[in-house]
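Input sequences plus hints: build the corresponding full structure.
Letter by letter, the chains look like this.
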Amino acid sequence: MKKNAEITINEQWCKSCEICVAFCPQKVYEMGRFYPKIVRPEDCTACMLCEKLCPDFAITVTVPDKIEKSQ
Amino acid sequence: MKKNAEITINEQWCKSCEICVAFCPQKVYEMGRFYPKIVRPEDCTACMLCEKLCPDFAITVTVPDKIEKSQ
Amino acid sequence: MEIPNPNIHMWQGNVACAEGAIAAGCRFFAGYPITPSTEIAEVLSQKLPAIGGNFIQMEDEIAAIGAVIGASLGGVKALTATSGPGFSLKQENIGFAVMAEVPCVIVNVQRGGPSTGLPTHSAQGDVMQARWGTHGDHPIIVLSPSSVRETYDMTIRAFNLAEKYRIPVVLLSDETVAHLTEKITIPDPASIEIIDRKKPYVSPEKYLPYQIDETDIPAMANFGEGFRYHVTGLAHDETGFPTNNPEKIKAQLERLNRKIQRNRNDIVEVETFETEDMEVLVIAFGATARSARRAVINARESGVKAGLLRMKTIWPFPDEEIEKIYKSVKKIVVPEMNLGQIAHEVEWATRREKPVVRVNKINGEPITPNEIYESIISQG
Amino acid sequence: MEIPNPNIHMWQGNVACAEGAIAAGCRFFAGYPITPSTEIAEVLSQKLPAIGGNFIQMEDEIAAIGAVIGASLGGVKALTATSGPGFSLKQENIGFAVMAEVPCVIVNVQRGGPSTGLPTHSAQGDVMQARWGTHGDHPIIVLSPSSVRETYDMTIRAFNLAEKYRIPVVLLSDETVAHLTEKITIPDPASIEIIDRKKPYVSPEKYLPYQIDETDIPAMANFGEGFRYHVTGLAHDETGFPTNNPEKIKAQLERLNRKIQRNRNDIVEVETFETEDMEVLVIAFGATARSARRAVINARESGVKAGLLRMKTIWPFPDEEIEKIYKSVKKIVVPEMNLGQIAHEVEWATRREKPVVRVNKINGEPITPNEIYESIISQG
Amino acid sequence: MDYLQYLRKDKMPHIWCDGCGHGIVLKSILRVIDKLGWDKNNIAMISGIGCSSRTPGYVDFNTLHTTHGRGLTFATGLKIARPDLHVIVVSGDGDATAIGGNHFIHAARRNIDISVIIYNNYIYGMTGGQVSPTTPGGKKASTTPYGNPDTPFDISRLAQAAGAAYVARSTAFHVGKMDRYIEQAFTKTGFSVVEVLTPCPTSYGRRNKEGRGVDMLMYQKQNSIGIEQAKGKTAEELKGKYITGVFVDKEQADYRQRYDEVIKKASKLNK
Amino acid sequence: MDYLQYLRKDKMPHIWCDGCGHGIVLKSILRVIDKLGWDKNNIAMISGIGCSSRTPGYVDFNTLHTTHGRGLTFATGLKIARPDLHVIVVSGDGDATAIGGNHFIHAARRNIDISVIIYNNYIYGMTGGQVSPTTPGGKKASTTPYGNPDTPFDISRLAQAAGAAYVARSTAFHVGKMDRYIEQAFTKTGFSVVEVLTPCPTSYGRRNKEGRGVDMLMYQKQNSIGIEQAKGKTAEELKGKYITGVFVDKEQADYRQRYDEVIKKASKLNK
Amino acid sequence: MSFRYEVRLSGAGGQGLILVGKVLAEAAAIYDGLNATQSQSYGPEARGGASRSEVIISDGDIDYPKAENIDILLALTQEACDKYIDGLKDDGILLVDSQMVTNIPKGQYKVVALPIIQSAVERLGKFLVSNIIALGIITKLSGVVSESAVKHAIRARVPKGTEEININAFYTGIDLATHWLDEHGPL
Amino acid sequence: MSFRYEVRLSGAGGQGLILVGKVLAEAAAIYDGLNATQSQSYGPEARGGASRSEVIISDGDIDYPKAENIDILLALTQEACDKYIDGLKDDGILLVDSQMVTNIPKGQYKVVALPIIQSAVERLGKFLVSNIIALGIITKLSGVVSESAVKHAIRARVPKGTEEININAFYTGIDLATHWLDEHGPL
Ligand SMILES: Cc1ncc(C[n+]2csc(CCOP(=O)(O)OP(=O)(O)O)c2C)c(N)n1
Ligand SMILES: Cc1ncc(C[n+]2csc(CCOP(=O)(O)OP(=O)(O)O)c2C)c(N)n1
Ligand code: SF4
Ligand code: SF4
Ligand code: SF4
Ligand code: SF4
Ligand code: SF4
Ligand code: SF4
Ligand SMILES: [Mg+2]
Ligand SMILES: [Mg+2]
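From first to last, the protein sequence lines are chains A, Z, L, U, H, W, V and Y. Residue 36 in the working numbering is what sits at position 28 of the first sequence, and the numbering runs on without skipping anything. Residue 50 in the working numbering is what sits at position 42 of the second sequence, and the numbering runs on without skipping anything. Residue 107 in the working numbering is what sits at position 123 of the third sequence, and the numbering runs on without skipping anything. Residue 355 in the working numbering is what sits at position 371 of the fourth sequence, and the numbering runs on without skipping anything. Residue 271 in the working numbering is what sits at position 155 of the fifth sequence, and the numbering runs on without skipping anything. Residue 134 in the working numbering is what sits at position 18 of the sixth sequence, and the numbering runs on without skipping anything. Residue 956 in the working numbering is what sits at position 67 of the seventh sequence, and the numbering runs on without skipping anything. Residue 989 in the working numbering is what sits at position 100 of the eighth sequence, and the numbering runs on without skipping anything.
If you are wondering where the hints come from, they were derived from the structure by calculation, not from laboratory data. Incorrect hints may have been included.
Straight-line distance between alpha carbons at most 27 Å, and here's what the computed DSS-like set of lysine-lysine pairs gives [claimed, not checked]:
id : chain 1 : residue 1 : chain 2 : residue 2
1  : Y       : 911       : Y       : 1015
2  : V       : 911       : H       : 256
3  : A       : 45        : W       : 337
Away from chain L, derived, C-beta distances all over 12 Å, residues of chain W [what the hints assert, rightly or not]:
id : residue
4  : 120
5  : 252
6  : 327
7  : 342
8  : 358
Label pairs and their in silico Cβ distance ranges [claimed, not checked]:
id : chain 1 : residue 1 : chain 2 : residue 2 : range
9  : H       : 356       : L       : 35        : 32 to 42 Å
10 : Z       : 20        : U       : 210       : 23 to 33 Å
11 : V       : 1052      : L       : 35        : 25 to 35 Å
12 : V       : 1076      : U       : 199       : 52 to 62 Å
13 : H       : 386       : L       : 246       : 55 to 65 Å
14 : L       : 246       : U       : 253       : 37 to 47 Å
15 : Z       : 39        : U       : 199       : 49 to 59 Å
16 : H       : 346       : U       : 230       : 50 to 60 Å
17 : L       : 189       : H       : 356       : 57 to 67 Å
18 : H       : 129       : V       : 1074      : 41 to 51 Å
19 : H       : 386       : L       : 189       : 53 to 63 Å
The C-beta atom is built at its ideal place from N, Cα and C for all residues, glycine as well.
Have a look at this one:
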């Protein structure tokens, strides 16, 4: 299940607030020079917290169809 | 005690609302053609209700000194 | 005794205003009571629900004009009515309606000012406020009725102009006309011209709510009609979204003002009486124009050739109409229940070439025909 | 490097306003934040309590002016500051202060309008509103500073005029001057003239808070000083109590207006620059006057004899001052960050005898010296 | 007691209609002032606009009749500038809770040492009987000819939620209670509110067939109930009843005390 | 879900500062709308002025950015004129409870079918950090440089006392709760209020040494407590805690239902 | 030339004079086909104090709608009489309540003093219909409107159920005036 | 004739350019006895987006307080450079951050490109002092204010405890400029 989530960061919109970095329960992110980096995508549980908390609509976590349905 | 209270009505200010007539517990007043009439002054217990309820500052109930003090 | 004609009524000015609003298609009223405008609300609180309209008494005048703008954006013709103190409070939101170009009608039944002043007495002291009461440069349309029938007609006209030009229109009445009960024969509904806002005929993606085109008046979509546009009181561009771009701001604000300027001939209405051979021109409006008319008649009877220009539209100011007829007169008499607000504009319009005699009264009493007559016939 | 003089500061216009208020004796501020006036409140929230004064942020602008009037009645000099939207909201209570003759100072730092407009950009669009924003005929005093130092001085003057004439005084600044940081050398406090309201010298029984005497300015008792008088926004007589008597109303309203008219020479201040032999007169105020001055210098360098009349007082309008100097010029240039509000008054004052060239800008940007220069030197 | 010493006798008789309760409320205020022995010079009475708001015109204090709904704002400025004055605001239900509602809740929040007496007659009396935020549901007003569709405010509850230090309600008929509550309000440091239910026969009673002032007072006499007694009762049982009593009475620093701390801090920091 | 379908993409990125909570609240609103499947054409989003009030500019509905504090008045007119529209008001603490406080309590009293989402960041963000009616006592703002002497409003309590049908409070961090409350508000017939506590690092956090947005959210995470759990606790124990939960959820006729009765009556009487 | 007839009705607030004005004006305008205006002055509160209502009737345009050359002035109280006498024509009619107005201001006009209020109380048992009695008197004395027009106007205006007592009051007024004319000769 | 020297400082909101403007103006006005004004433009929210601060220095009166003929323009971002280049004199100085501004607009002016932000981060370990480095460079390149005046003005303005790092930053700027002048010759 974990491996299937796909995370993208829209750097045009990201304001580097580090909220995603701080709150991802799986520590998927680390802060880069300007933008967060997705360092442990495989740990992502698709909990959607980062997406919901990103104030800038910069994160998209895409869950493949069947996973979404099984939630 | 009763007999000592002195009631005056200022007809310049009275607006004939009949509140004094209605609420005096001793029925001291009756309504006249234009203004209330003090018909049973001797029954007055100086309870002051009429004075307090007259919206027009038209009633004065004067209680002789010693009575006032003994209240 | 004749069989009474159902179209004949003895109505107060305020009643005629309410009835006129209904005739104009107004189906929403939001207000806050204030003397001497309250009857407009009272009549509409009774009549609007009876025809499926909505009446609401809001918590204050600011809320009332806010609700009116909201209703108008929803596509319902909307009215509010007030007097000086409430008119002052509405100013911020009147500016919003001008800026966002939301049609609506605001009645100000003038009473004695300044401040709480003389709530039950007449005045015409809000003429300049009606023009300049809100901050920033803005256009506005202000009409002023002299009779009960005219209150009816002008309320309809106010709605028509508001819709046509996407602008708040002020009906500037006064206590005298508003509280005067007068005979009125109301016109056949079919004969009344009703103008509705211009609707967009493009697809929603192409819709520009503040488009600059040859008409200068953008088409207006109502909320909920699929256009999903943005309305703001911030400086905005053709799309309606805020901008700080000086060029775009300039273009919009210029259009905003131009749409009224270039149509001033359609908006400005005056009535002249005995002006052909006149030597003394009287310029008046509202209740005062009634006295002025009598004064003119009386002056003529005494051999003084007086004439009257009655302003039905106050703003845009009828400067051209005055310009056309003032040249040959010896003097101009301007009676008004204020300290000379219109007289100042008349002086501007006539380049102070003629003596402008002010007949002013600010004690709550109407100006009498005789007071005007005296000024007409006096020398100098 | 010199040892810095402690009286030299680099202050923003808004800071100078706050400091000027304190120097004038203001010990009460009530306001509601709004760009671009907020720094005045911020500075006073820090400084006033430090000298035992009071700062309060109210729930809105209406409350702020209400509190200011209340504080002034208590004998404390009081200030509020705002910008267009807040100024619109304050209008009803400004009218109250005029009518009840309560001294106070209202700062309006103008920003782009109408409506929410351009909060962080400059404008001069509230000139007419400052004169006519509240309902009913009323007098008002409006001053407009062009520099930081002048903001300081004029704030003091605003308080002095308010106290002297028992009237609200509007300090009409603009975003450019208010947010400009400029070198200022503040004067020795001992050299600053401070005027306080005239106190009654009669016994309380004889005190008439709205007495009509040869000065037209009644003495003012503060609440709590034993005079127990009545203050109302209703039309009132000399005693301050409401009246419907037309004679008494007239007498009071005429005095109210007369007290300013007859003292207009004391109130009206203009500054002229190079006007002796001028052929082109530039009339300007506020931030725009700075550009105008440079334009005049540049025009003179190009051989065009230009001169500048800078209005420091806007209302009462400096018509006499203009009248004195305009006759010989070929044209008049009036630059202003609005659509010609002052130009209209200039035309009135000069009987439209000379071409009045408007240099208007309403996109939030200040008018440049060059834009004025072009109008000065252009033919026609 | 001698009311006349507090009245501006040349302004009497007052403008209130026959049977209007406003005069009864005013008397209670004067009795309390008399009892407290306050110096007339140190009292400021402030109002907005309305029949009730005409009160200041009749009393021999420092009096201020402001704009509609704004009495509390002027009072706030005055009280801050002159903490030595007793500042009393008198207001109508419309004045205090319609146009002036915001100032009311904010004065309560600030807990500024002002007492407000609200003459609640459920109607706009002055302007001839339009619906007010306290008009009971279903009642007629000139702008609710089909009956008021709205639910009224509970003024006391609102004052409480906003932070007032003292909140009580009486009827005009219950002069004893009224006196007691007004006295408690006047002696409270902080924002105190006394809501007095009072008849407006002219603009409310007549239209709602509730008779003259005297009848409306009679109704008050017969249909009031103290909060304590009300507690057990169902909404059904309380229908048409006036619930009176003290709703809030708490000690907390008032605006002045708190701002004096600011002044102390500021003076120290800026020395 | 696809937020973008509801956004005006060409207006992005939005103006809110890095770490500002406003974007988090907006997302929650969009999730709920998406879940409810509302047609964008039938949604009107209205605001006053403030950072929070910039929200309508970013969403692809019928959007209206009014004057400061007045959003609810425009919304009231629109909702009455167009009962078919879903009318949502977004507001700041200053917008809703300072200048707009009166409209707020009156909309609640009327129980008009509008949902208000209040982005409560305890400060005037837009104008650079002046004190607001919800700024906690002692906190610094640009106009309370010595600490705020005043006591804040409890918005939810006020809404309740004024008559709202649904009142709830969440933090921006607690996205689950926030979604739930907003959904309940949106589906409630009548006046519903969701107060969301949200960080303003720029104008509040920095001045009060509460760090960046991320730190302020962390504080929310660690210091929130549901009303149920809060009930047993003392004031001391609750100090600095955010109490969240549903405060009111009641059924009562909304403005429309009541006014429709008026229309019925009026039509009958005037036939 | 058209005629212009001016009526001023004065008394205390609450005496129903505004209604009289409205009925008179409606009689003229709606039922008699004339032109008419009606206006009133308010005290500070639209309640209490002296009250004034004015009706102008004409067969032409009515420009200035306030009374200036009053043809008939009704005064039901002394205060109103003193305050509103100004403007009564030299040959105008001053109609007063004979009990309430005892001090008749000096002037050239014709004075008609009748026990209006007393008649209301004694003949009709209702103080409140004094106004309609006065209306009857005015109708008769002025002759400017037809009795039947006024009667119709009364019916259309007064609250349902009170038509009869009001019509009675109206005829009581006509009666009083007829008697007066019989006694004193035509005006 | 008095001189007039115009400085425009541009970059992103939050880069501290308003502070630089204020310090520069105070240095000139308070410590160097000159006249000076400082002004800025705000975005819609006084936050975010390109930001501009302008300083005019003169030994005479300063009438128009906005820059029109700019002597030195600092641009810390490409966006700011593109947006605010207008008004730079033909022989004026365009000072840019060499990493942030890579696309130099064409023109007659002299371009000075220096690694301002990088120096802040690398030499001083604090991104936030880039603005003061820029101030040092401007002080040196313009010569319109004295170094010691600017130093005093910095000390008076910056938060307590940050004086030293800011003074260091200032000298870092002076240094960078000195090197540049050494390398490229006087401007
Ligand atoms: C700004 C403004 N709006 C409206 C009015 C009109 N007005 C005067 S008093 C009043 C209502 C009074 O009602 P209330 O406060 O309940 O007092 P009451 O007369 O019932 O004692 C209104 C609406 C006004 N004077 N000013
Ligand atoms: C009438 C008026 N007064 C003041 C302002 C200035 N102003 C704009 S937003 C704002 C406060 C915003 O605070 P809040 O509502 O809490 O929103 P936030 O920015 O914190 O999200 C103020 C005072 C204004 N625009 N209009
Ligand atoms: S939460 Fe969003 S805006 Fe913040 S750092 Fe992460 S991606 Fe960027
Ligand atoms: S969806 Fe959850 S686990 Fe995955 S990156 Fe986001 S916060 Fe971390
Ligand atoms: S209560 Fe007063 S006003 Fe009423 S009838 Fe009695 S004395 Fe007269
Ligand atoms: S004092 Fe009491 S007993 Fe005496 S008359 Fe008055 S109400 Fe009656
Ligand atoms: S109208 Fe009502 S509130 Fe006003 S004085 Fe008359 S009875 Fe009292
Ligand atoms: S100032 Fe505060 S509320 Fe406004 S956008 Fe920035 S962080 Fe958000
Ligand atoms: Mg009331
Ligand atoms: Mg906020």
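Hint check:
Of the pairs offered as hints, the one joining residue 911(Y) and residue 1015(Y) holds, with about 21 Å between alpha carbons and a cut-off of 27 Å not exceeded. Simply put, residue 911(V) and residue 256(H) have alpha-carbon atoms about 25 Å apart, close enough for the 27 Å limit, and the pair holds. Under the criterion of a C-alpha separation no larger than 27 Å, the hint pairing residue 45(A) with residue 337(W) is consistent with the structure, at around 23 Å. With a closest Cβ-Cβ approach of about 15 Å to chain L, residue 120(W) is found to remain outside the 12 Å limit, as its non-interface label requires.
Listed as a non-interface residue, residue 252(W) keeps its Cβ farther than 12 Å from every Cβ of chain L; the least gap is roughly 28 Å. Listed as a non-interface residue, residue 327(W) keeps its Cβ farther than 12 Å from every Cβ of chain L; the least gap is roughly 31 Å. Listed as outside the interface, residue 342(W) is consistent with that label: its C-beta sits roughly 34 Å from the nearest C-beta of chain L, beyond the 12 Å cut-off. Taking the minimum C-beta to C-beta distance to chain L, about 30 Å, the non-interface status of residue 358(W) holds against the 12 Å cut.
A C-beta distance of roughly 34 Å is found between residue 356(H) and residue 35(L), which places it inside the suggested range of 32 to 42 Å. For the pair residue 20(Z) and residue 210(U), the supplied restraint of 23 to 33 Å holds, since their beta-carbon distance comes to about 30 Å. The hinted range of 25 to 35 Å is satisfied by residue 1052(V) and residue 35(L), whose Cβ atoms lie roughly 29 Å apart. The beta-carbon spacing between residue 1076(V) and residue 199(U), approximately 55 Å, falls within the hinted interval of 52 to 62 Å.
Against the hinted window of 55 to 65 Å, the Cβ-Cβ separation of residue 386(H) and residue 246(L) comes to about 58 Å, which satisfies the hint. The hinted window of 37 to 47 Å between residue 246(L) and residue 253(U) holds, with their beta carbons roughly 39 Å apart. Range check, residue 39(Z) to residue 199(U): Cβ separation about 54 Å, and the 49 to 59 Å hint holds. A C-beta distance of roughly 53 Å is found between residue 346(H) and residue 230(U), which places it inside the suggested range of 50 to 60 Å.
Take residue 189(L) and residue 356(H): their Cβ atoms lie about 59 Å apart, and the range 57 to 67 Å holds. About 43 Å separates the C-beta atoms of residue 129(H) and residue 1074(V), a value consistent with the hinted range of 41 to 51 Å. Between residue 386(H) and residue 189(L), the C-beta spacing of about 60 Å keeps the proposed range 53 to 63 Å intact.
In this structure, every one of the numbered hints holds.
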